[in-house]
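Student: Chain by chain, the residues run as shown.
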Amino acid sequence: MPRKSWLALAALVLMPAAANAHEAIPGVTGFASQLLHPLVDTEQLFLLVSAAMIAGRMARGSIWSAMFALVAGMLAGKGLHMLVPWLPLVWYAPLLLLAISGLVLAGFSRIAAIPGLGLIAASGAVIAIAIVPDEPTGMSLASALTGTLVSGTVLLLVGGYALQQVQSRWGGIALRIAGAWLAAIAMLNLALVWKTLAGAG
Amino acid sequence: MRKPHISLVMLISLLAVCSTGNPALAHSGAGLQGGFVSGFWHPVFGLDHVIAMVAVGLWGAFLGMPAIWLLPVVFPLVMAFGGILGIAGIPLPQVETGIAVSAIILGLCVATAFKPPLWVAAVLVGAFAIFHGHAHGSELPDAASPLGFSAGFVLATGILHLAGIAFGLLARFRGGAMLVKAAGAAIAMGGVYFLAT
Numbered sequence: 001m002p003r004k005s006w007l008a009l010a011a012l013v014l015m016p017a018a019a020n021a022h023e024a025i026p027g028v029t030g031f032a033s034q035l036l037h038p039l040v041d042t043e044q045l046f047l048l049v050s051a052a053m054i055a056g057r058m059a060r061g062s063i064w065s066a067m068f069a070l071v072a073g074m075l076a077g078k079g080l081h082m083l084v085p086w087l088p089l090v091w092y093a094p095l096l097l098l099a100i101s102g103l104v105l106a107g108f109s110r111i112a113a114i115p116g117l118g119l120i121a122a123s124g125a126v127i128a129i130a131i132v133p134d135e136p137t138g139m140s141l142a143s144a145l146t147g148t149l150v151s152g153t154v155l156l157l158v159g160g161y162a163l164q165q166v167q168s169r170w171g172g173i174a175l176r177i178a179g180a181w182l183a184a185i186a187m188l189n190l191a192l193v194w195k196t197l198a199g200a201g
Numbered sequence: 001m002r003k004p005h006i007s008l009v010m011l012i013s014l015l016a017v018c019s020t021g022n023p024a025l026a027h028s029g030a031g032l033q034g035g036f037v038s039g040f041w042h043p044v045f046g047l048d049h050v051i052a053m054v055a056v057g058l059w060g061a062f063l064g065m066p067a068i069w070l071l072p073v074v075f076p077l078v079m080a081f082g083g084i085l086g087i088a089g090i091p092l093p094q095v096e097t098g099i100a101v102s103a104i105i106l107g108l109c110v111a112t113a114f115k116p117p118l119w120v121a122a123v124l125v126g127a128f129a130i131f132h133g134h135a136h137g138s139e140l141p142d143a144a145s146p147l148g149f150s151a152g153f154v155l156a157t158g159i160l161h162l163a164g165i166a167f168g169l170l171a172r173f174r175g176g177a178m179l180v181k182a183a184g185a186a187i188a189m190g191g192v193y194f195l196a197t
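Quick note, the sequences are listed as chains A and V, same order.
Everything in the first sequence is counted per my numbering, starting at 1 for the first residue and increasing by one.
Everything in the second sequence is counted per my numbering, starting at 1 for the first residue and increasing by one.
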């Protein structure tokens, strides 16, 4: 990592006041809160877990491509959100993407690079779109985005790498079953969001 | 001095936890955690759900590859479809009867070592999954945390499948097949009991 990047990260850690979107865990504020946000927000956590599972089913050595896809997706998603603040289907997107990722995981024991990286990038974009800092400042947004980027990439790298090492038949079966579980959870909640929004509308 | 084997210690601990479990179930809390806990216990506390889920795993293990993983994959996906019907408020007739019949049919499939083509097994299990999903999905909108509730009941359902698969793998050993068939017969009788009551 370049020295400037380390300095920027250190500045974000040392200036927690800039990252006060909301407390992911009561009592935990600042940059630590942003780091933990994707891990305590269930939708975001499920998306990151599914992204790690997809990376785990891709060819060995593709873990770094997966990481770049996640980061690029997050940056592109946040950029798009800044250009178009009211994106269509924003309420459905996380669960819809989770359902698709789950179905892909349940259906395929190996996932090719292009669809895999596409799903990971889309997951990153959807997660980043959900980042809304309380303070409308560039620093606050940068802090929130950095926190999510750091925790997201760490989870993807650790989870994806660990799963890539699992080459046994039973490991593949476990991932397929877990994919079906994720898809089922997403589809149920998609229906509930649809019902809630239809009722409100 | 010889140390006790770790698995024995774990077994004793597990038995202790299981036998003293009731006080810990006094309430399920609120929010995501409460939703997850109530969702997790929803299939576990319904004995008709439990025996049918275990039967799915038993039958999958009995049928071997690829049914051993295909049935636990098909079940939650079709169960979600049933759950969506429940969420949408679309009534499904005789839900409880369907759940009891699922235990009878799946139990008999295990007891008789019935080995149909894979697609027949998948369709049969999927058809019953709709009833189970409808029962869970009807309660989803009222849950403390719908996401937590759905994650809980999908996870519990999957664990019950895995328990059935684990037990069903005994069929590979001498005498184990008879034990698995007996479990299937017991599940079918349990289904008859739930149908009658």
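Bear in mind the hints are in silico, worked out from the structure with no lab data behind them.
Glycine residues also receive a C-beta, built at the ideal position from the N, C-alpha and C atoms.
Fair warning: there could be bad hints in the mix.
[Said to hold, decoys possible] Sample of chain V residues lacking proximity to chain A, with all beta carbon distances greater than 12 Å (derived): (1) Val50; (2) Ala113; (3) Leu195.
[Stated by the list, open to error] Coverage of chain V stretches by chain A, computed from C-beta distances (three or more under 8 Å per stretch; other residues unrestricted): (4) 63 to 73; (5) 79 to 88.
[Stated by the list, open to error] On the chain V side, residues computed to face chain A include the following (Cβ under 8 Å): (6) Pro76; (7) Pro116; (8) Pro117; (9) Val120; (10) Leu140; (11) Leu147; (12) Gly148; (13) Ser150; (14) Leu155; (15) Gly158; (16) Ala196.
Student: Each of the hints needs a verdict: does it hold here or not?
Tutor: Results for each hint:
Look at V:Val50: its CB is around 18 Å from the nearest CB on chain A, clear of 12 Å, so calling it non-interface holds up. Look at V:Ala113: its CB is around 22 Å from the nearest CB on chain A, clear of 12 Å, so calling it non-interface holds up. No beta-carbon of chain A is positioned within 12 Å of the beta-carbon of V:Leu195; the least distance is around 27 Å. Under the rule that three or more residues need a Cβ within less than 8 Å of chain A, the assignment of the segment 63 to 73 of chain V holds, with 4 such residues.
Only residues whose beta carbon comes within less than 8 Å of a beta carbon in chain A count, and the segment 79 to 88 of chain V has 7; three or more means the coverage holds. For V:Pro76, the interface hint holds, the least distance from its beta-carbon to any beta-carbon of chain A being 4 Å, beneath 8 Å. With a cut of 8 Å, the hint placing V:Pro116 at the interface with chain A is violated, because the nearest CB-to-CB distance is about 21 Å. This hint is violated: V:Pro117 has a C-beta 20 Å from the nearest C-beta of chain A, more than the 8 Å allowed.
Nearest Cβ of chain A to the Cβ of V:Val120: about 20 Å, over the 8 Å cut. The hint is violated. A least Cβ separation of about 6 Å between V:Leu140 and chain A falls short of the 8 Å threshold, and the interface hint therefore holds. Here the hint on V:Leu147 is kept, as its CB sits about 5 Å from the closest CB of chain A, short of 8 Å. Taking 8 Å as the C-beta contact cut-off toward chain A, the hint placing V:Gly148 at the interface holds, the least distance being around 7 Å.
A distance limit of 8 Å between C-beta atoms decides the matter here; for V:Ser150 the minimum to chain A is near 4 Å, and the interface restraint holds. Taken as an interface hint, V:Leu155 checks out: its beta carbon lies about 7 Å from the nearest beta carbon of chain A, inside 8 Å. Hint on V:Gly158 holds. Least Cβ distance to chain A is approximately 5 Å, under the 8 Å limit. Checking V:Ala196 against chain A by beta carbon gives a least distance of about 31 Å; that is not within 8 Å, so the hint is violated.
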